[in-house]
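Undergrad: Sequence:
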Amino acid sequence: MAGLSLCVLVLAGLAVWRVADSPYVAPAGPDPAAAGQAEPGLATAALQRLQQAIASGDAAAAAALAPEDDPAAAERLRAAVDNADALGLTGVTLRYVVQASAVDAAGTWSAAVEVTWRLRGFDPAPARTEVAFTLRAEPDRVALVSAGGGGLRTPLWLAEPLRVARTPDTLVMVAGGAAELREYAALARRAVPVVARVVPADRTRLVVEVPAGADQLDALLDVPAGTYAGVAAVTAPVDGRDEPGGPLHVFVNPEEMSGLRPTGAQVVMSHEATHAVTDAPTSRAPLWLVEGFADYVALRDVDLPLSTTAAQAIARVRREGLPAALPGTSDFDVAQTHLGATYESAWLACRVVAERAGQQALVRLYEATSRGEDLGATLRRVSGLGVEQLTREWRGDLRALADAPG
Numbered sequence: 023m024a025g026l027s028l029c030v031l032v033l034a035g036l037a038v039w040r041v042a043d044s045p046y047v048a049p050a051g052p053d054p055a056a057a058g059q060a061e062p063g064l065a066t067a068a069l070q071r072l073q074q075a076i077a078s079g080d081a082a083a084a085a086a087l088a089p090e091d092d093p094a095a096a097e098r099l100r101a102a103v104d105n106a107d108a109l110g111l112t113g114v115t116l117r118y119v120v121q122a123s124a125v126d127a128a129g130t131w132s133a134a135v136e137v138t139w140r141l142r143g144f145d146p147a148p149a150r151t152e153v154a155f156t157l158r159a160e161p162d163r164v165a166l167v168s169a170g171g172g173g174l175r176t177p178l179w180l181a182e183p184l185r186v187a188r189t190p191d192t193l194v195m196v197a198g199g200a201a202e203l204r205e206y207a208a209l210a211r212r213a214v215p216v217v218a219r220v221v222p223a224d225r226t227r228l229v230v231e232v233p234a235g236a237d238q239l240d241a242l243l244d245v246p247a248g249t250y251a252g253v254a255a256v257t258a259p260v261d262g263r264d265e266p267g268g269p270l271h272v273f274v275n276p277e278e279m280s281g282l283r284p285t286g287a288q289v290v291m292s293h294e295a296t297h298a299v300t301d302a303p304t305s306r307a308p309l310w311l312v313e314g315f316a317d318y319v320a321l322r323d324v325d326l327p328l329s330t331t332a333a334q335a336i337a338r339v340r341r342e343g344l345p346a347a348l349p350g351t352s353d354f355d356v357a358q359t360h361l362g363a364t365y366e367s368a369w370l371a372c373r374v375v376a377e378r379a380g381q382q383a384l385v386r387l388y389e390a391t392s393r394g395e396d397l398g399a400t401l402r403r404v405s406g407l408g409v410e411q412l413t414r415e416w417r418g419d420l421r422a423l424a425d426a427p428g
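Residue 23 is where the sequence shown starts when you use the numbering used here, and the numbers rise one by one after that.
It is possible that part of the hints are untrue.
Each pair of labels, with its calculated beta carbon distance range [to be verified]:
#1 Q411 / G350: 11 to 21 Å
#2 E265 / R421: 36 to 46 Å
#3 T115 / V409: 45 to 55 Å
#4 D425 / D323: 46 to 56 Å
#5 T115 / E342: 47 to 57 Å
#6 G394 / T115: 30 to 40 Å
#7 G235 / V409: 40 to 50 Å
It should be emphasised that the hints constitute simulated quantities derived from the structure, not laboratory data.
Model, not experiment: these values are computed from the prediction.
Just so you know, even glycine gets a beta-carbon here, dropped at the ideal spot from N, CA and C.
Assemble the whole structure, with the sequences as input and the hints as a guide.
TA: Have a look at this one:
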């Protein structure tokens, strides 16, 4: 298990922060009006029929909206209805926004479509985002070809067929096989009681999305290609809007998660579940506390020695000496070479609070500072420690770990 800390703390934390809810900007290129303007009325009618098919669970009606010579498009539309039914989607709307490309010689173009949806029983509010749809003009109608691409966010349920597993507390969707579904559903089920042992149980509802790979993960989250190539999982607002109370899901990179040992994969999932149920992307707490708290929850009952779970922090102290201060925001930049040591150091700081003042003191500190209360004043009130004293004790723990044999 010696490689666990690298897998967990480099690959596990990394919640998405401040994802911009930016409006769609049509790409530079030919003027659509000059090259042929699409008929928005017919496109709107096609989208409304797809919306109705999703609401009624009529996969055949959705498939009929595809071009007659494109069976793959028909299967994609059928899958969208099947996915929506399996997931329990409610409040699905499709609104034509703007033509985004010229109509080509085959009568095909792309458009930005505002999509709303909500996972019944799991999402506290609807998600809303613009999705690129490809459409084709046909006699007397507009056919629907595909959804996705165009530099816009693509919800997984619109992207491809999914397998779905549900319990009262977890909902897992996987763009993969039955074995993958069983694996991730089990990780999610086990994460719920891990989080509930620290965080109030009535807040523990978990949604996990597992795309086919890292490229699709980037598309789901509307980030540049390669952003999450080395990350096992992230917690993010479903539609990129970091508003309090919005839907948060855990998004998995299966290419990285599949390389972790079972304990490491479980710690990753429990860490991200903590972020999800505590609305971490909107937290106003210091980042060391946000990430350290999630690792405290995930590692609390893991039976591994500190020489393993804090291996990177120990190695960094031995190599560079003790840090002067608690980790700052810049230390969590994904470009940093010492990222794993930073996560471990943040966890050790949270561990100091819990050991000196009790777990509930750490929970109160996290919740109060997440609401915007001052770190120093809150820390002293709930634990009796000032920031300087916490830093001294944390540095002392790091020194002791680094001085230990081995």
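Undergrad: With reference to the structure, classify each hint as holding or not holding.
TA: Structure-based check of all given hints:
no., hint, in the structure
1, Q411 / G350: 11 to 21 Å, "holds (19 Å)"
2, E265 / R421: 36 to 46 Å, "holds (42 Å)"
3, T115 / V409: 45 to 55 Å, "holds (48 Å)"
4, D425 / D323: 46 to 56 Å, "violated (27 Å)"
5, T115 / E342: 47 to 57 Å, "holds (54 Å)"
6, G394 / T115: 30 to 40 Å, "holds (34 Å)"
7, G235 / V409: 40 to 50 Å, "holds (42 Å)"
Of the hints listed earlier, the one the structure fails to meet is number 4.
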